[in-house]
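Residue numbers (numbering that gives the first Met the number 0), protein chains in the order written: chain R, 0 to 89; chain E, 0 to 323; chain W, 0 to 396; chain B, 0 to 327.
Wrong hints could be hidden among the right ones.
Not everything, but these chain E residues come out facing chain B in the computed CB check (under 10 Å) [stated by the list, open to error]:
#, residue
1, F85
2, L88
3, L90
Output of the computed footprint for chain E on chain W, the stretches with three or more beta carbons under 8 Å from beta carbons of chain E [said to hold, decoys possible]:
#, region
4, 17 to 26
5, 32 to 45
6, 120 to 131
Keep in mind that the hints were calculated from the coordinates and are not lab data. Even for Gly, the Cβ is constructed at its ideal location relative to N, Cα and C.
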Amino acid sequence: MTDEEIRSTVLRLLSDIAPEADLASIKPNVNIRDQLDIDSMDFLNFVIAVDKELHVDIPERDYPKLATLDACMAYLAERLKAAGRARPTD
Amino acid sequence: MKRMTYREAVRSALREALQNDPRVFIMGEDVGRYGGYYAVTHGLLEEFGPERVRDTPLSEAAYVGAGIGAAVNGMRPIVEVTTINFSLLALDQILNSAATIRYMSGGQINIPLVVRMATGAGRQLAAQHSHSLEGWYAHIPGISVLTPATVADGRGLLLAALNEPDPVFIFEHATLYPLEGEVDEDAGPAKIGEATVRRTGNHVTLVTYGGSLGKTMEAAGQLADEGIEAEVIDLRSLRPLDTATILASVEKTHRAVVVDEAWRTGSFAAEVGAQIMEGGFDLLDWPVQRVCSAEVPMPYAKHMEDAALPQASTIVQVVKEMFQ
Amino acid sequence: MAEFRMPILGADMKAGKLVAWRKQPGDQVHRGDIIADVETDKAVIEVEAFVDGVLERTLVEPGETVPVGTILAIIRLEGEPALAEMPAGPPVEAGAPTVAPHPTVPVQPPVRLRVPEAGGVRISPLARNLAAKLGVDLATVTGTGPGGRIQQRDIEQASAAMARRASAAPSEEVADRQMRMRQAIAAAMARSHRDIPHFHLFTTIDMSRALAWLAKENETRSVADRLLYAILLIKAVACALREVPELNAVWEDDRVSLKPDIHVGVAIVLREGGLVAPALHLTDRQGLGDLMRDFRDVVQRARAGSLRSSELSDPTITITNLGELGVEAVFGLIYPPQVALVGFGKIVERPWSVDGQIVSRPLVTATLAADHRALDGFRGSVFLATIDRLLQEPDKL
Amino acid sequence: MTTEHASLRRPERDHALALLGEMLRIRRFEDKAAELYQAGKIRGFLHLYDGEEAVAVGAMQSIAADDSIVSTYREHGHALVRGLPLDCLMAEMYGKANGCSRGRGGSMHFFDASRRFYGGHGIVGSGLPFAVGLAMADKLRDEKHVTACLFGDGAVAEGIFHESLNLAALWKLPVLFLCENNLYAMGTGIERALSETDIALKARSYAIPAEAVDGMDVLAVEASARRAADAVRQGKGPVFLEARTYRFRGHSMADPQLYRGKEEVAEWMKRDPITNFEERLRDWGFLSDSDVRDMEGSISAEIDAAVAFAEAGPWEPVEDLTRYVTSR
Numbered sequence: 000m001t002d003e004e005i006r007s008t009v010l011r012l013l014s015d016i017a018p019e020a021d022l023a024s025i026k027p028n029v030n031i032r033d034q035l036d037i038d039s040m041d042f043l044n045f046v047i048a049v050d051k052e053l054h055v056d057i058p059e060r061d062y063p064k065l066a067t068l069d070a071c072m073a074y075l076a077e078r079l080k081a082a083g084r085a086r087p088t089d
Numbered sequence: 000m001k002r003m004t005y006r007e008a009v010r011s012a013l014r015e016a017l018q019n020d021p022r023v024f025i026m027g028e029d030v031g032r033y034g035g036y037y038a039v040t041h042g043l044l045e046e047f048g049p050e051r052v053r054d055t056p057l058s059e060a061a062y063v064g065a066g067i068g069a070a071v072n073g074m075r076p077i078v079e080v081t082t083i084n085f086s087l088l089a090l091d092q093i094l095n096s097a098a099t100i101r102y103m104s105g106g107q108i109n110i111p112l113v114v115r116m117a118t119g120a121g122r123q124l125a126a127q128h129s130h131s132l133e134g135w136y137a138h139i140p141g142i143s144v145l146t147p148a149t150v151a152d153g154r155g156l157l158l159a160a161l162n163e164p165d166p167v168f169i170f171e172h173a174t175l176y177p178l179e180g181e182v183d184e185d186a187g188p189a190k191i192g193e194a195t196v197r198r199t200g201n202h203v204t205l206v207t208y209g210g211s212l213g214k215t216m217e218a219a220g221q222l223a224d225e226g227i228e229a230e231v232i233d234l235r236s237l238r239p240l241d242t243a244t245i246l247a248s249v250e251k252t253h254r255a256v257v258v259d260e261a262w263r264t265g266s267f268a269a270e271v272g273a274q275i276m277e278g279g280f281d282l283l284d285w286p287v288q289r290v291c292s293a294e295v296p297m298p299y300a301k302h303m304e305d306a307a308l309p310q311a312s313t314i315v316q317v318v319k320e321m322f323q
Numbered sequence: 000m001a002e003f004r005m006p007i008l009g010a011d012m013k014a015g016k017l018v019a020w021r022k023q024p025g026d027q028v029h030r031g032d033i034i035a036d037v038e039t040d041k042a043v044i045e046v047e048a049f050v051d052g053v054l055e056r057t058l059v060e061p062g063e064t065v066p067v068g069t070i071l072a073i074i075r076l077e078g079e080p081a082l083a084e085m086p087a088g089p090p091v092e093a094g095a096p097t098v099a100p101h102p103t104v105p106v107q108p109p110v111r112l113r114v115p116e117a118g119g120v121r122i123s124p125l126a127r128n129l130a131a132k133l134g135v136d137l138a139t140v141t142g143t144g145p146g147g148r149i150q151q152r153d154i155e156q157a158s159a160a161m162a163r164r165a166s167a168a169p170s171e172e173v174a175d176r177q178m179r180m181r182q183a184i185a186a187a188m189a190r191s192h193r194d195i196p197h198f199h200l201f202t203t204i205d206m207s208r209a210l211a212w213l214a215k216e217n218e219t220r221s222v223a224d225r226l227l228y229a230i231l232l233i234k235a236v237a238c239a240l241r242e243v244p245e246l247n248a249v250w251e252d253d254r255v256s257l258k259p260d261i262h263v264g265v266a267i268v269l270r271e272g273g274l275v276a277p278a279l280h281l282t283d284r285q286g287l288g289d290l291m292r293d294f295r296d297v298v299q300r301a302r303a304g305s306l307r308s309s310e311l312s313d314p315t316i317t318i319t320n321l322g323e324l325g326v327e328a329v330f331g332l333i334y335p336p337q338v339a340l341v342g343f344g345k346i347v348e349r350p351w352s353v354d355g356q357i358v359s360r361p362l363v364t365a366t367l368a369a370d371h372r373a374l375d376g377f378r379g380s381v382f383l384a385t386i387d388r389l390l391q392e393p394d395k396l
Numbered sequence: 000m001t002t003e004h005a006s007l008r009r010p011e012r013d014h015a016l017a018l019l020g021e022m023l024r025i026r027r028f029e030d031k032a033a034e035l036y037q038a039g040k041i042r043g044f045l046h047l048y049d050g051e052e053a054v055a056v057g058a059m060q061s062i063a064a065d066d067s068i069v070s071t072y073r074e075h076g077h078a079l080v081r082g083l084p085l086d087c088l089m090a091e092m093y094g095k096a097n098g099c100s101r102g103r104g105g106s107m108h109f110f111d112a113s114r115r116f117y118g119g120h121g122i123v124g125s126g127l128p129f130a131v132g133l134a135m136a137d138k139l140r141d142e143k144h145v146t147a148c149l150f151g152d153g154a155v156a157e158g159i160f161h162e163s164l165n166l167a168a169l170w171k172l173p174v175l176f177l178c179e180n181n182l183y184a185m186g187t188g189i190e191r192a193l194s195e196t197d198i199a200l201k202a203r204s205y206a207i208p209a210e211a212v213d214g215m216d217v218l219a220v221e222a223s224a225r226r227a228a229d230a231v232r233q234g235k236g237p238v239f240l241e242a243r244t245y246r247f248r249g250h251s252m253a254d255p256q257l258y259r260g261k262e263e264v265a266e267w268m269k270r271d272p273i274t275n276f277e278e279r280l281r282d283w284g285f286l287s288d289s290d291v292r293d294m295e296g297s298i299s300a301e302i303d304a305a306v307a308f309a310e311a312g313p314w315e316p317v318e319d320l321t322r323y324v325t326s327r
C-alpha cells in the first residue's frame, strides 16, 4: 500500500465515524480527536476499523502516536512496512 | 494443449472435417496445388485428393453459387473465397441465394454452407486488396458471421460452423495467420453467438472483433499503466451479436468505445453503438465512442496506411478524452 | 564487397529459414543465379543473387531461421581483393524503407450538434438518473464534462456536499428532530430543577489500580473486545447500588419506590447536538465484556437514531459525562423520575499522598447529585465511598 | 498461329534496335524491382513481367498517343512501353509522393491520365468493362481511338469477361482485347481452369474476330497488333488477340511455384523473347557487341537514376490522407 492509499483509507474510516466532518479540510498536524469531536468510544471504533481493514492491531499504549493525521499515517506506514506490506509511494 | 499458428489451427479444423465427414469438400482459388493463398490448405490436396480439395478458376460468383447448390443437395462444402475483396464478385449469390432461399422456399430448403475468407488491411496491399466489410455481411439476416481473433477460435469457430444447418461466413484477418497460440486439440466446436471478455476492468468497455483485438489489448495495457482499467470484449460473432455481454459490461463501466477497422460511416461499430444506446442509455456517463478507419480508400505507403487504420494509440487517446 | 541478405519474399514475411546453399565459397556468382533456397510460411523458394562476383564466405548455416535482412553471405565483386577478415558487427536489418515519422491523424471528430447555450442542461443519462435518486438539484451542479456536460462524478460530489451541509446545518426534518429533543430535555430539566431538592457530593478516586488492571486485561483481548475504562466506572456504580439500594429508585406519587433491577443509564452526546441516556440493562449482573458490547451497541444506535423508547425510560440511575467533556467535575441535574445522577470528570495525573509520600496518580472526581426526598447525604457518601473501594479491586468487578 | 510470315519480313535496323531496347529495358527494370523488394524497399505485392516483354513492346507499336490503355497488376511492361517515366514508376513502388500515383497505388496501381494509361486493375477481369466504357465514349463522340485492354488467362474464367466481350461485340465498340495467356492463373494451370483452353476460339463465339499469336516473338505480335488496331480503328467493332506467352518468374514474390516443373520453365526460357530477337538482329548484321553495351549502359544508368529519384522522393504528408477521396 502506498502512502496515498493509507491516507485515503484512514480518511474513509474517520468519515465513517464522523460523517458530517469535512475531511477535506482536516489539518494533518492538529489533534484529530479535537478537530472531529471524537470521544473515546469513537476512537475505539476507529482502532477496531483499522484492525479490520489494514490488519494492524494498535495496542492502547500506542494511542498517543495516532494523535494527528500525519502521526497516524507515519505510524501505520511503519507498522505496514514492518509487516512487509507497504510500498514506497510510486 | 499444443502451440500452433492461427493458419495451422484453421488447417487442423479443415483436416478434422474432411476426415470425419465424407460430405465435406474444400473449394477455392489455389487451395490445392498452390497450397492456399495464405497457405492455410497447404498439404490437404496431397492428403485428401483433388476431388475433395478442389482448385477453382477465378470465377467467384460461379464457385460460391456452386457451393450453395452442392450444400442444398446433400454435401457439406467449405468454400474459400481467398479474400473479402474478391467476395464482392459473389455478393449476389451470397445475399440473394445463400441468405434468402430458406426463407423464400417457406422453410423447405436449408443451406449448410461454410464460406471462409481473409479480410482486413495492414500489409500495404493498397485500396483494392485491403477491405474490411464484415459489417456488410453482418447486415444480412439468414447467415451467421464469425470473426475468430485468436488461434483457438480459428479452430473452434470453424468446427462450430460445420454443425450449423444454415450458411456461416468466417472472416480471418490476414495479419492473424502467423499468430501463435495454444490450442486444445480435443476441445470440440466453440459456441457461436457468445462474446468473450478478454480482459476485465471497471473504468471503460472496449468492444472489438477479429484483427483489431490485438491493438485493443495493447491499448488496454497502456491505459492500465495510467490507472484506467479497460474491459476488452471480443465479439467473436457479429451475427448473432451477444448484446447482453456488452450491456453487462457497460453497466459496470458506464463508458464504451467500439474499435472496428471498417470505415466509420455505416460500420458495424455504428450498429454496436446504437444497440448500447438503445439497451443501455441510462447507464451511459459518456457518449459511445467509435475508433474506425479514416474514410479513404486504403493508401499503399506504410505511413499513410498506418494513419488511416485505427491504432492502439488512437484508442488510448479516445479513452483518455473520456476521463478529462 | 556485397552483402547477400535474407530476402523479403512476401507481404508479411518477418523471418526465413535458410534451407540450403546452392553456391559454395569460391564459386562464381552471376546476377540471376540461384544462390540459396529459403523456406517461408508457404514453402521453399529459390533465391537469386543480384550481383556478379565470387561467393567469399557464408555466415549462416542451413537450417537456421533468421530475420529478414540478416547478412547470409559476402560476395566479392569482380576486381576486388579477397577479404582479409570478416566484417564484424551484427546482421543489419534490411534497408527497411525510411518511414517518415507519422503523427497519428486526429480522430475524425463526430459531427456534434451545437448545443443551445442558454437553457438546456447538458447532462449524461447516468448522471440524470443518479441526480433523481439522490435528490440533487441539477441547477446547483456545474458539469466538468466537455461543454460543461454534467457527469456521474459531478452528481456524486454534489450529493456528498449536500450530505455535509445537511449534517452540518441539518435539513428541516433533522433540525425539527433536534428542536423536539431540546424541548424534551428542557421540560425534564425544568421539572427536575423545580421539583427535586438536589444535594451534591463529590469525592476523588485514585484510578491507578483500575487503569493498570485494564491495560493488562486489554492485552489479553482482541481489538474488537477491548474495554474502555468507562465500563469499570459503570460496573462500579452498578455494584455500589447493591449496597446502597435507595439510589436505585424512582420518585413517583410523592414517594420513593425502590427498583428491583439495576439498569444504569448512560448519557450519550449526539453528533448533531443533543443528549440521550439509554439504559444498559441488568448492569450489575453483566460481565465487563458483555457490558462493553452492550455499551458500544447502545452508543451506535443512539447516534443512528434507532434507540427503542423503552431503553430511554428503563434507567434506574444515570451516569453522565464519563470523562469525555474534558472537565474535572460535573454537577448535573437528575433525570426525573430517577433519584440520583452520578458524574465522572476526566482522569487527571496529580500529586497524591500514599503512606505519607507524595506520588503522582491518575485521579478522577466522582460526583453525586441526589434527591433529598429519597435519601440523605450520609447514604450518598457511603455510595461514593463504595464506588471508590470497588475501583481499588478492579479484578472483582 | 500466325508467326512465320510476319517474321520473314525484315524490319528497319533502327526500328529493330528500338524494339530490342524496349524489351531489355523492361527486363532490367523488373530485375531491379525484384532486388529492391527482397531488400524491403518495395512492399506489398509485386508481379513481374519477365518473359512477356514481346507482347507489350510488339502490341504498343500500333497504339497511338491518344488511344487508351487498360492494364492489370502485372503492368510494369505496359506502363514502361506506354511511356510512363521509369523514375516515377520506381518512386511509386517505393510509395513516395513523386510516384506516378502519388504513392497511393504501389506496383499494382500505376495511373497516368495524361498518357491515357488508365491503371493497373487489381481485381482479375475488373479492367474489361472499364475498357468497354472508354471505347463506348470514343464511339459516341466519333473518335477514331482504340482502347487496348490487356488481361491474363485468369480473367477468362471471370463472368465479367463474357459480359464485356458480348457488350463490346453487340455495340461494335473500338476495343482491342489483348489476352496475355501465360498458361497460369496464379497457381492454377490453364488446363485445370478452362474447359476450352483455346481462348481465341472463345472470343470468336461472341462474333469477335480473334487470332492467337506467338507472344514470344515481338515481330509477330507487332504485325498482329497492327492488323487488329487498324481494324478496330475503322469502327468495325472489337478485335481479340491471344498472345501465347510465359512468365519466367513466380506469380508474385512469395510464389514457391509448386504448380509447375523446372523443366517446363527451362524449356520456355529457351524461347526468351529478348535473347532470340537479339540473335536475329545479329544474323541480320543489325547488332554489334558495342550496340548491346551502349543499350545496357544507358538502361542501367536510367534505372540507377530512378532508384536515386525514388530514394530521395518525399513521403506524402499524413495531413493529405483524405485528399482525392472525392473531387470536391
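Against the structure, the hints come out as follows:
1. Taking 10 Å as the C-beta contact cut-off toward chain B, the hint placing F85/E at the interface holds, the least distance being around 7 Å.
2. Nearest Cβ of chain B to the Cβ of L88/E: about 7 Å, under the 10 Å cut. The hint holds.
3. Interface hint at L90/E: violated, since its Cβ lies 13 Å from the closest Cβ of chain B, which is beyond the 10 Å cut-off.
4. Look at the region 17 to 26 of chain W against chain E: 0 of its residues bring a Cβ nearer than 8 Å to a Cβ of that chain, fewer than three, so the hint is violated.
5. Judged by the Cβ-Cβ criterion of 8 Å, the region 32 to 45 of chain W is covered by chain E as claimed, because 3 of its residues qualify and three suffice.
6. Residues of the region 120 to 131 of chain W with a Cβ under 8 Å from some Cβ of chain E number 5, which satisfies the need for three, so the listed coverage holds.
When each numbered hint is compared with the structure, violations occur for hints 3, 4.
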